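J.: Chain by chain, the residues:
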Amino acid sequence: MSESSRLSTLIQALCCLPGIGKKSAQRITYHLLQRDRAGAKYLSTALDEAMDNIGSCRRCRNFSEADLCDLCLSHKRDKSLLCIVESPADVYAMEEAGFNGRYFVLMGHLSPLDGIGPRELGLDKLEEYLADGDLSELILATNSTMEGEATAHFINDIVQKYQIRVTRIAHGVPLGGELEYIDSNTLSHALAGRREIIK
Amino acid sequence: MRVALHPCYILHNRAYRETSLLLDVFSRQHGRVGLIAKGGRTQKNHKRALLQPGRRVNISWTARRELGALISVEPCQTDAPPGGGRLLSVFYINELLVKLLHKHEAHPELFDVYDEAITGLSGGASEQVILRLFEKRLLEALGYGLALDSDVEGNPIKPNEDYNYRIEQGPVLYETPLENSVRVSGQTLLALSKENPGKDRVLNEAKQLMRMMIGHLLGGRPLVSRELYKYILSTHTEKAGRK
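Those protein sequences? They're chains A and B, same order as listed.
For the first sequence, the numbering used here puts the final residue at 199, and the numbers step up evenly by one.
For the second sequence, the numbering used here puts the final residue at 243, and the numbers step up evenly by one.
If we strip away everything but chain A, and leave its shape as in the complex, we get:
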């Protein structure tokens, strides 16, 4: 049984989605053809529009349709705080956590073995940002991995000349976590970063 070429092209195309293998792609294709052709049309135009129109923000490098993104343009946000994150998904996570400053998105972390250095992370743009902004604090919210940590220290090193307060987000015991099950490294971080109980 050979499938028509358009059908197999669609199945192959769907495989580019994360977590979608051949079997799932086939299932999605048959579902769309059999039951939801209108939905599929809508999806294809939405995809097309998004790919043609979404670029990145000139200032923070996050995805944006305009030259500057909504977060950078908003007057309600605290301009004196800048939070550095690795990916747009991290911006979303920080928003959920109630952060009200601005962001700078690195789109990755330093990783020499993958060929990712300071230029790939747009650190020259970050320096431009720092040079003309009136920031009071730079918050380094890169991941708590070895690469994230190295990136945070690297950025700290190169922004020293701007004399801005640089902070790193805390890491340690998660909410609801039990010490017994936490790895020793995390616990030693938590212990090193301990602080007095706020009365």
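Treat the hints with caution; some may be incorrect.
Not close to chain A: a few residues of chain B, all C-beta gaps over 12 Å, as computed [said to hold, decoys possible]:
{"#": "1", "residue": "Gln29"}
{"#": "2", "residue": "Gly31"}
{"#": "3", "residue": "Leu50"}
{"#": "4", "residue": "Ala63"}
{"#": "5", "residue": "His102"}
{"#": "6", "residue": "Asp112"}
{"#": "7", "residue": "Val113"}
{"#": "8", "residue": "Ser150"}
{"#": "9", "residue": "Gly170"}
{"#": "10", "residue": "His216"}
{"#": "11", "residue": "Val224"}
From the structure, some residues in chain A lie toward chain B, with a derived Cβ separation under 8 Å [unchecked claim]:
{"#": "12", "residue": "Ser5"}
{"#": "13", "residue": "Gly19"}
{"#": "14", "residue": "Gly117"}
{"#": "15", "residue": "Pro118"}
{"#": "16", "residue": "Glu149"}
{"#": "17", "residue": "His153"}
{"#": "18", "residue": "Asp157"}
{"#": "19", "residue": "Ile158"}
{"#": "20", "residue": "Asp183"}
{"#": "21", "residue": "Thr186"}
No lab work stands behind these hints: they were computed from the structure.
Model, not experiment: these values are computed from the prediction.
Where is the CB? At the ideal position from N, CA and C, for every residue including glycine.
Position chain B relative to chain A; hints supplied.
T.: Relative to chain A, chain B alone:
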């Protein structure tokens, strides 16, 4: 082949598919091996904290073909891994190993050298000294050990003379600058031979020497981690210039 809990370091990890990790592992008895850690990136997975470069761990894995599968990983009781600015040095030595070692080539002595370097980087010892000694011993392990005690003609190195260290040959008494060679003092060669490169001049000359030797072994491939040092250095000199 199944390997039971075996001392290893992760040299590099990379996201693979939705929840897995691809690991480049440096093991004591089996050299560099590629492993896949299935589900290594899921939220519930506690292994993730252990699968970071710069941390000594014990790993079990099975390997039928080129790529093995991680079975379990356990922490090894050692000091805390290197942190802060010293992570750049971890990047550097990891990049050297990945680019210069072939897979599945056992180098137990080099593993111990690496282990010592990482332990040194977690402590307070001089970063420059650790890196120079690591480079020297790496060259030895790869079969390109430096000739440090006598010159090409077999005469012992004199501390007060200057030498041209020529790639693939060794030191010759310095007369004029030569191509594919670097000028080093006899003192530097002897200090490297005794593994005691403490002085600034020795460290600077040793750095030039190692840079030439490693550059030769890499055959023109650039080291991205060296770019990181350069970038930091350039921002610092810019700062000094502004003052």
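J.: Is the Cβ of valine 113(B) more than 12 Å away from each Cβ in chain A?
T.: At roughly 20 Å from the nearest Cβ of chain A, valine 113(B) sits farther out than 12 Å, so the non-interface label holds.
J.: Decide, holds or violated, for the assertion that all CB atoms of chain A are farther than 12 Å from the CB of histidine 216(B).
T.: holds, 20 Å
J.: Confirm or reject the statement that glutamine 29(B) sits farther than 12 Å, beta carbon to beta carbon, from all of chain A.
T.: holds, 23 Å
J.: Is leucine 50(B) truly not at the interface, in the sense that its beta carbon sits beyond 12 Å from all beta carbons of chain A?
T.: Nearest chain A Cβ is 7 Å from leucine 50(B), so the label is violated.
J.: Checking hints one by one. Is proline 118(A) an interface residue toward chain B, by the C-beta closer than 8 Å rule?
T.: Holds, about 5 Å.
J.: Tell me if the interface restraint on glycine 19(A) is satisfied: Cβ within less than 8 Å of some Cβ in chain B.
T.: Constraint on glycine 19(A) satisfied, holds at 4 Å.
J.: Should the label of alanine 63(B) as a non-interface residue stand, given a Cβ cut-off of 12 Å to chain A?
T.: holds, 21 Å
J.: Have a go at the aspartate 157(A) hint: is there a Cβ in chain B nearer than 8 Å to its own Cβ?
T.: This hint holds: aspartate 157(A) lies near chain B, its Cβ roughly 5 Å from the closest one there, short of 8 Å.
J.: Given a cut of 8 Å on the nearest C-beta pair, is the interface hint for aspartate 183(A) held or broken against chain B?
T.: It holds, given that the least Cβ distance between aspartate 183(A) and chain B is near 5 Å, below 8 Å.
J.: Please settle this one: glycine 31(B) was flagged as non-interface, so is its CB more than 12 Å from every CB on chain A?
T.: Its Cβ never comes within 12 Å of chain A, the nearest being 17 Å, so this holds.
J.: Over 12 Å to the closest beta carbon of chain A is the bar; see if glycine 170(B) clears it.
T.: holds, 31 Å
J.: Hint check: is the beta carbon of isoleucine 158(A) less than 8 Å from a beta carbon of chain B?
T.: holds, 5 Å
Hint violations for this structure: numbers 3, 11, 12, all remaining hints satisfied.
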